Each structure stands twice: as C-alpha cells, then as structure tokens.
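A.B. asks: One-letter residues, chain by chain:
Number of protein chains: 2
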Amino acid sequence: MSQMYSRVALIGLGLIASSMSHAMRRAGMTSEIVGTARSAETRETAEKLDLCDTVVATAAEAVVGADLVVLAVPVGAMEAVAREIGPHLEAGATVTDVGSVKREIVAAVGPHMPDGVHFIPGHPVAGTEHSGPESGFAELFDNRWLLLTPLPGTDVEAKERLTAFWQALGSNVDEMEIEHHDLVLAVTSHAPHLIAYTMVGVADDLSRVTDSEVIKYSAAGFRDFTRIAASDPTMWRDVFLNNKDATLEILGRFTEELFALQRAIRTEDGDYLHDYFTRTRAIRRGIVEAGQDTDAPDFGRMGKKP
Amino acid sequence: MSQMYSRVALIGLGLIASSMSHAMRRAGMTSEIVGTARSAETRETAEKLDLCDTVVATAAEAVVGADLVVLAVPVGAMEAVAREIGPHLEAGATVTDVGSVKREIVAAVGPHMPDGVHFIPGHPVAGTEHSGPESGFAELFDNRWLLLTPLPGTDVEAKERLTAFWQALGSNVDEMEIEHHDLVLAVTSHAPHLIAYTMVGVADDLSRVTDSEVIKYSAAGFRDFTRIAASDPTMWRDVFLNNKDATLEILGRFTEELFALQRAIRTEDGDYLHDYFTRTRAIRRGIVEAGQDTDAPDFGRMGKKP
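Listed in order, the protein sequences are those of chains A and B.
Position one of the first sequence corresponds to residue 1 (our numbering), numbered consecutively onward.
Position one of the second sequence corresponds to residue 1001 (our numbering), numbered consecutively onward.
Since the hints were made in silico from the structure, they are not lab data.
Computed from a predicted model, the values in this text were never measured in an experiment.
Wrong hints could be hidden among the right ones.
Below, computed lysine to any residue pairings styled on SDA-like, alpha-carbon distance capped at 20 Å [as the list claims (entries may be wrong)]:
no., chain 1, residue 1, chain 2, residue 2
1, A, Lys244, B, Thr1267
2, A, Lys244, B, Asp1271
3, A, Lys244, B, Glu1177
4, B, Lys1244, A, Arg208
5, A, Lys244, B, Gly1270
6, B, Lys1159, A, Arg266
7, B, Lys1244, A, Tyr272
8, B, Lys1244, A, Leu206
9, A, Lys244, B, Glu1257
10, B, Lys1244, A, Asp275
11, A, Lys244, B, Arg1266
12, B, Lys1244, A, Asp269
13, B, Lys1159, A, Glu268
14, A, Lys244, B, His1274
15, B, Lys1244, A, Arg263
16, A, Lys244, B, Phe1259
17, A, Lys244, B, Gln1262
18, A, Lys244, B, Ala1264
19, B, Lys1244, A, Asp271
20, B, Lys1159, B, Glu1177
21, B, Lys1244, A, Lys244
22, B, Lys1244, A, Thr255
23, A, Lys244, B, Glu1268
24, A, Lys244, B, Ala1260
25, A, Lys244, B, Tyr1272
26, B, Lys1244, A, Thr267
27, A, Lys244, B, Arg1263
28, B, Lys1244, A, Val56
29, A, Lys244, B, Lys1159
30, B, Lys1244, A, Gly270
31, B, Lys1159, A, Ala264
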C-alpha cells in the first residue's frame, strides 16, 4: 500500500471521517492525517482516540499542506467551510466531500475552490444510526458504494487517484450525474428516513397508546423504524433542506401509492394487497444477492439464528 | 420442567408454530406434539425436520386428545379451522391462537368453541421476515411479549397454565383488552408494515431509477424497509383486512404528520425538522434500554462492530 496521499485533512470528525481514519490505517496507508472539528469536545475525543496524527482548531489550518481534503460536515455547514479553506488550499490538492446530496453542495462549495484545485464531489453510501467521533469503525465502507459526481472537465488523474483511495478503504466506486444522484438517494435514503421519522413521531404522539406500550411491543416491526429515526438530527435536517425537490417528488409518489393501498384495505380488495406484497419480496432478494444486506432473520440482530 | 400440557396440537406449521416446537423442546417439555398443515409439502418438511412427534393430515385429527390447541394459521383461515375442530375438541382443553389481530379472530373462532373448552386468544409479539416450517428457532420468543386477550369469565386456572407455558418458551406475558390490542398493534406493527410495503413498491415502480440502482445503494436506509416488506404476503393481507379500522386510523394520523413534515421541507422550516428528529431519538433509546433491540450499529448486521 502506497501513501496515495501524503497528507489527508479531515474536516469534521463524525461517523464518516472517523471511519475513514480507521479504514486508512487498516489499509496500511502512511498518509499523515490532520483532523479538525468545530466543537472542542469532538476534537478532544478525537485526540483521546488517536484518530489523527494532528488535531487542529480550524479548517483553515487543517488544509495547509494537504493533498487530499475531505469535507465531512453536515450539508448546511459546507459553504462556510469552503469559504474558510479556499485561500489556504495547496495548488494541485484534491477536495472531496461525503455529503448525501450533491447539487446543493456543488453550488455551495464550487465557487470557493481556487484554480488548480481539483474539487471532486463524493458520497459514501454507508452509515449507521450512530454519530460522533466514537462511532467510527474500519469496516463501514467494505463492499458499499462510493458515488463520485465529477464536474465537467475534471482532471482524470485526480479522479483516478481518489477512486483508488476509496477502493483501498473497502468501497466499490461508481460515477453518477449530479441530478440523478439526488433522485436515486431520495428513493433509497431520504424518503425512507423521513417516513421512519414520521412513523415514530406518530407513535410517540398517540395519546391512546402509551410510550411504554410502543416500546414493549416494538419487536413486531416498529423497532426497525426507530433505528433509522435515531439518526443525527442536524445531518438529516440539512439533507431534506438541500434535496427538497427530489424528496418532495418521491414523497408525492409515496402518498399516491399509500392512498391506493388504504383504499384496497377499505374496500377489502385482498387480491390487490396480496399481489403488491408479493412483488416487493423480489427487491429484498436482489439486495441480499448483491451482498448489500444479510439474509439472517431480523438482520441477525441479538445474535439469534435459526 | 413439568409437562405443562400432555398433548399439544399445532394447527399450521409456519414460523411461529415451528419456533414453539423448538422452544418447547429446549425447555425440556415432554408434551407430545401433534402438528398439521394444509399443504402436503409443509407436512413433509415438518416430518423431515422432526418438528412434531406426529404429523397428521387434518386439523380435526390433530386436536383429538389434545389439552392445548394452538391455531397458528393466517387470520383469514381461522374460522374454517375453528369450524372443523369444534366437534373434535376434548372437554377441558384450552384453545389459543397466535394471530396478530384479536377482535376478528374472537368473532371468527369463538362461536365454534363448545362449552367446557377454554378459548384464550393470544399473540406472541415476535417474528422475522422469514416464513414456513424451516424458519423456526427456539429463541424467537426470548424476552418478547406474549399478549393474552382473555374474554370475560375466562377460567383463571386455564389462563395461568397457558401463561406458564408461554413463560417456559421464553416470553414475558401481559394481558390486554381486545380493542386496545388491535390499536396498539396497528401502531407498532400493522401501519409500519404497510408503510414499508408502500415505500418498496414506490422504489420498484419508479422508471427513472432502475431496480439495480435501488439495490446497489440500499444501504443508505432503504434496505431496512425491504426486510419488513419481505414478510409473508398471505399473513399480511389477512392482518390488514381484519384490522381495517385501527390500521386506517393510524395511517390517517401518519398522513397528517407526513404532510406537516413535507410542508416544513417546502417552507424550509429547519427548526421544525430538527425538533421533530430530536424527539424521535428518545423512543429508540427506550427500546434499547428495555432489551427489545440491540444498540449495535445497524442492528449488528454483517457482524461489523465498531
């Protein structure tokens, strides 16, 4: 394993950045890792965990001398960080990000990138419901997809180097057009998260069913929703505000479909329900066959296997 | 461990009944287990797996001499089974069921129960997305709740015996009023399942995003929905048709709430979103603390731990 990059600056030290640090070391990369985070508490935790070779107080300091800069802050914080680091970036450096939306990030970050710096937006399609510097682990990206959404005229060599870096961290790398990325993720991530948050909110709000009942009997399906709805509130607020159009489009389709199923229940159209529920099984099979989920019942949670 | 019951008849040999058989044996119960299923293939599989001491072809045969009869068929099949077994039940026998709805089952089964037979409706709040006789495992009920919804005038001794039986299988046992059960389960199970089916259906249907994209990038949240949406179509058709009112009520509340969140996205009300997403985290903590789910990231799936 070569260095790949000699000095990597991690801006933000949450789940993704801390997992990148673990995965870089697992891969034997000898790059120097410089990290920073807005909160002093996060920086202290990162030092205690030895996530970086150096932890510095500002993004502007972190990028000095870095040939790879990773923006790993909530989407709403991207513009301020880009403005701060712009004047301090090295010529020839690559800047990438790990945000879950791409159009708004490109609009926010792009204008602050000086000539001679390669800005290549990226998104690791991986995560857990935990957040913060302590939640990272080296295996997070293994066999997960890393989506690059390169801008027209992107330097081929810089892109190939970034691709090799993510592959060394365990990822499969794909390229996607920016608008299409935001639509695909609205389907596979943003709408499901909003729906999970909604369902958990309804349960919490229903005065005729107590919270303690919701908790005790959650094993019947509900608890899967609560895992997703435990994800970081700031990150998700920013995702929805910055992928408004695609999310609202998918939620509109969802509502249509939900109304059709509600009508089938009210009119007792058992065949419609049965056909619908049979069709959705195939998608699950595809996901398990593609190695994107386990076939163990209940995700193998609690370590109980048949 | 005493016998508890000398002869237990399992009517239907799917996930729940096969798990009961495994859990009875794990508990060292010496009860004779007689099983039956409508499909010859299921009966053959049950014989091959040695799930029962005897497998017979009809429910009427299975209940002869049984002091416990467990109705473990889809809700829509309960009435026909009850009509078939009614004349063959032993005086003093207990009949219970494992259906996810209670009002309609009581209406369907009750009239066919002869005097001197104790009909005590029950519902193990446990399951996986897998179905059939091969999907059962002894740990399914461990630390999960078994809800009894006894009718007025239920024999106390019969109820205590059934309670002890389920406890021996690993369950915690609670009692609940029938209508309240159906409302609670609409929240913790039926509405979440319908919503998951809907979301997976939308993804499958969206021509601008291919199935292969949905599958590859599912790790961002969507794959959790596909697990639930892989559950048995017949079972779930019957649940919705037989818990229509409570399910439609909860879905109505869900839609209201979803519209409020959609409006917050459209009007870019970040505070509303952030507050909402913060509130839902507490429910997750409660579920983990109550031992109803694991705190391992991503349910500990794929065996990846931080």
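A.B. asks: With reference to the structure, classify each hint as holding or not holding.
C.D. replies: Each hint, compared with the structure:
1. A:Lys244 / B:Thr1267: Holds: lysine 244 of chain A and threonine 1267 of chain B sit about 10 Å apart, inside 20 Å.
2. A:Lys244 / B:Asp1271: holds, 15 Å
3. A:Lys244 / B:Glu1177: violated, 43 Å
4. B:Lys1244 / A:Arg208: Status holds; Cα separation ~17 Å.
5. A:Lys244 / B:Gly1270: Holds, at about 12 Å.
6. B:Lys1159 / A:Arg266: Outside the cut-off at roughly 35 Å; violated.
7. B:Lys1244 / A:Tyr272: Holds: lysine 1244 of chain B and tyrosine 272 of chain A sit about 15 Å apart, inside 20 Å.
8. B:Lys1244 / A:Leu206: Roughly 18 Å separates the two Cα atoms, so the pair holds.
9. A:Lys244 / B:Glu1257: Roughly 17 Å separates the two Cα atoms, so the pair holds.
10. B:Lys1244 / A:Asp275: Holds: lysine 1244 of chain B and aspartate 275 of chain A sit about 18 Å apart, inside 20 Å.
11. A:Lys244 / B:Arg1266: Distance ~7 Å between lysine 244 of chain A and arginine 1266 of chain B Cα, so the pair holds.
12. B:Lys1244 / A:Asp269: With a Cα-Cα distance of about 12 Å, the restraint between lysine 1244 of chain B and aspartate 269 of chain A holds, given a limit of 20 Å.
13. B:Lys1159 / A:Glu268: violated, 34 Å
14. A:Lys244 / B:His1274: holds, 15 Å
15. B:Lys1244 / A:Arg263: holds, 11 Å
16. A:Lys244 / B:Phe1259: Answer holds: lysine 244 of chain A to phenylalanine 1259 of chain B is near 14 Å, not above 20 Å.
17. A:Lys244 / B:Gln1262: Within the cut-off at roughly 9 Å; holds.
18. A:Lys244 / B:Ala1264: Roughly 10 Å between the alpha carbons, so the hint for lysine 244 of chain A and alanine 1264 of chain B holds.
19. B:Lys1244 / A:Asp271: holds, 15 Å
20. B:Lys1159 / B:Glu1177: holds, 15 Å
21. B:Lys1244 / A:Lys244: This hinted pair is violated, its Cα atoms lying about 33 Å apart.
22. B:Lys1244 / A:Thr255: holds, 19 Å
23. A:Lys244 / B:Glu1268: With a Cα-Cα distance of about 9 Å, the restraint between lysine 244 of chain A and glutamate 1268 of chain B holds, given a limit of 20 Å.
24. A:Lys244 / B:Ala1260: Roughly 14 Å between the alpha carbons, so the hint for lysine 244 of chain A and alanine 1260 of chain B holds.
25. A:Lys244 / B:Tyr1272: With Cα atoms ~15 Å apart, lysine 244 of chain A and tyrosine 1272 of chain B stay inside 20 Å; holds.
26. B:Lys1244 / A:Thr267: Holds, at about 10 Å.
27. A:Lys244 / B:Arg1263: Within the cut-off at roughly 11 Å; holds.
28. B:Lys1244 / A:Val56: violated, 58 Å
29. A:Lys244 / B:Lys1159: Violated. Lysine 244 of chain A to lysine 1159 of chain B sits at ~54 Å, over the 20 Å cutoff.
30. B:Lys1244 / A:Gly270: holds, 12 Å
31. B:Lys1159 / A:Ala264: Since the Cα atoms of lysine 1159 of chain B and alanine 264 of chain A sit roughly 37 Å apart, the hinted pair is violated (cutoff 20 Å).
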